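A.B. asks: So the chains spell out like this:
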Amino acid sequence: MALLELKNISKIYGDLKALDNVSIKVDKGEWVAIMGPSGSGKSTMMNIIGCMDKPSMGEVLLDGVDISKESQKKLTDIRRDKIGLIFQQFHMVTYLTAVENVMVSQYYHSMPDEEEALEALGRVGLRERAKHLPSQLSGGEQQRVCVARALINHPELILADEPTGNLDEANENIVLDLFRQLHNEGTTLIVVTHDPEVAEAAQRTIVLEHGRVAREVINENFGK
Amino acid sequence: MTKRKMFLRMITASLLRRRSRMLIALLSIAVGATILSGLVTIYYDVPRQMGAQFRSYGANMILLADGKTEMTSESLEKALGLIPESELVGAAPYRYVRLDMPSRQQSFTGAGTDFEQVLKTSPYFSVEGEYPVNAREILIGREIAETIGAKTGSSLELSYKPAAVISENAEQDRHSGASLSGSAEGFNKVPLTANVELDEEGRIASIEVDASSQTPGIGSMVGTDKAFLDQFIGKTLPLRLSGSGSGSGESEGGDSEDNPAQEVDAVTGATVSSQAVVDALNSAVSSEKAAAIENTEHFTVTGILSTGGEEESYIYMTLKDLQRLTGEETLDVAELSVSADAEELEQYAGAVAESNLGITARLVKRVTRSEASVLGKLQALVFLVTVVVLLLTMICVSTTMMAVVSERRREIGLRKALGASDQSIRKEFLGEGVFLGGLGGILGGILGFVFAQVVSVNVFGSSITLQPLLLPITILASIAIAALSCQLPIRRAVAIDPAIVLKGE
Ligand SMILES: Nc1ncnc2c1ncn2[C@@H]1O[C@H](COP(=O)(O)OP(=O)(O)OP(=O)(O)O)[C@@H](O)[C@H]1O
Ligand SMILES: [Mg+2]
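Protein sequence lines, in the order shown, are assigned to chains B and S. Letter by letter, the first sequence follows residues 1 to 224 in the working numbering. Letter by letter, the second sequence follows residues 1001 to 1505 in the working numbering.
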């Protein structure tokens, strides 16, 4: 059953078609990688899926609900309840500690729970660094906090835009391992990446070019 | 952990861990609150302060002799009894005389008064040193102190000459350039009068004799006989009639004995009248001499008076000292400070006039009338300054918060991406604003009281009482101002697009 379905969506900025009649389907529990050259519309698509932007044309069905017609407020609710976001630039609240950053996500979602937040940090191997401020953490550590923050509310869908773009090999592997765990737990993952290795970890890769789906590649080696 | 706890944790962390920026906002609120509470305190204290100030500012009623009877301490006491005691702030009696300083051959205006009352009627008197308390202590004006080079503790010799009452001629010597007149009994004990003008050296310059009371054609000749009168010109008093042995008994002029320069010849057949002319002149000079017996005392300067006015050229002493020095009990004026409105003052003045004490009351209308208008203007000014300061505070807080919002664009975008509603964002920023406002309000409320106290003590010379309600009011006002200042920045924050977090900024 499809968790997400884009039906002929376009995003037009003036003369520029950032997305041009794109249709894709992502099943529940599926792990999809999205690749494509710079400016091909990957982030634009993620914004639309992440309920932070609306398409100029077309329908976006998330869990059977057409989010392309929803109000801003309703989109915020859907994003909070169903989606976990991971960004290339980490984006942490600079004046809050690692555990507090995780709790911010809980705070907006439901109830802050320090124990649970510490557990999530433990899962990404940062329990000892819970009281550190972002400035006291390395880039890899910060991204792991962001992963912990994205998974804390058990979202159905995790959207990651270049999650390993700023990480070294070791940290990249830690993050990929976390993704595997999440996948095994049944979380749907959509990961934008430039890195073929990261793409190969996914079940399927969708390649965008000039705002269109150029091709789709099924990863034969997945799970091996 | 509850949501509220997390909320507080987030905003305190935001304020405490991003200190430098928040300190500016906090400081501007604190300054605004300081001025607010300070000026409000002064605003409400000004009428009280200024009222007391004006009531006593150079007095608002003056009592004077009506010109027929002289004013004394007793009659003043009775006049003061006509004014309700509770409304009489103070009443300072004054007696002004000319005092000489023999050591410098200079004269000054001396004033005798009651210093305890002066404190109440002239609170603007600024004394360096102490007010006189004991006998033979004086307070001298700054101008005098500078002229004669006196300091507190200096000893000054002052003398008083009754004839030398403050007048145009007082600077000149009694025997020079003055005019004297005297009378003596002539023929059949009928009195005649003689006037002389003296030149600079004390020699007779001109003479006039009114002998119309004497026997016409004989005794009256002493007033018209040019040869007789011309003899006087150029001579100095006292004189005697030649061949009369000696002058009048009243004359002490032992040195004039046997000196032809001191003699005049009588008008033939009118010896008695001629003698009367000489006697009249001698009596004039002898009474002058008696008056010239100077009363001299030594005084210690206890303080130097600064007022910025003519008082700086006066010498003040206790009324008792002045009365002993002059031997007179008269008062020239009493300055009253009455805590009453113009209408009541008018009423008291009327009562004094009708009392037949020989005292008239005058209102110092300029002060009483301006009191209200000056107060009003002052309050309006304070109000205006407060409004301007609050506006400036708001601009400053608003600007700072605006900078904070743009500084935290990414964080706000992130919060929204994480699911924060507009309402949450609004709440968080408002929370920070309220927190800042509260903290600034507490700080400002306390500093404001100190500020008001300092202003009050320095400007009005009295301390103010703490208004217990002012602190909570200041805090609430600061919170309101901070919250209001945050409105525009909050709108900015709410408008931030969460999509920015996906753009590599
Ligand atoms: N708000 C916008 N206004 C105008 N043009 C935009 C806007 N956002 C994106 N674009 C344009 O749309 C196109 C697609 O942008 P997008 O950010 O989706 O690319 P991308 O595939 O994520 O590239 P990269 O790999 O560099 O992140 C680009 O040409 C970009 O300039
Ligand atoms: Mg991108």
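Each hint should be verified, as a subset may be incorrect.
[Claimed, not checked] If we take Cβ atoms under 8 Å as the criterion, some of the chain B residues that face chain S in the derived model are: (1) N8; (2) D53; (3) S56; (4) M57; (5) T76; (6) R80; (7) M103; (8) H109.
Calculated directly from the structure, the hints in this document are not laboratory data. For clarity, every value in this text was computed on a predicted model and none was experimentally measured. Cβ atoms here follow ideal geometry from the backbone N, Cα and C, with glycine treated the same way.
A.B. asks: Next, verify each hint and record whether it holds.
C.D. replies: Right, here's what the structure says about each hint:
A hinted interface residue such as B/N8 counts as satisfied when its beta carbon comes closer than 8 Å to some beta carbon of chain S; here the least separation is about 22 Å, so the hint is violated. About 5 Å separates the beta-carbon of B/D53 from the nearest beta-carbon of chain S, less than 8 Å, and the hint is met. Look at B/S56: its Cβ only gets to about 15 Å from chain S, farther than 8 Å, so that hint breaks. The interface hint given for B/M57 is broken, as the beta carbon of that residue sits about 18 Å from the closest beta carbon of chain S, more than 8 Å.
Interface restraint check for B/T76: the shortest CB-CB distance to chain S comes to about 6 Å, inside 8 Å, so the restraint holds. Interface restraint check: B/R80 against chain S, minimum CB-CB distance 3 Å, threshold 8 Å, status holds. Annotation: interface hint on B/M103 holds; nearest CB of chain S at approximately 6 Å, less than 8 Å. Given the 8 Å rule on beta carbons, the hint for B/H109 holds: about 6 Å separates it from the nearest Cβ of chain S.
Violated hints, in rising order: 1, 3, 4; the structure is consistent with all others.
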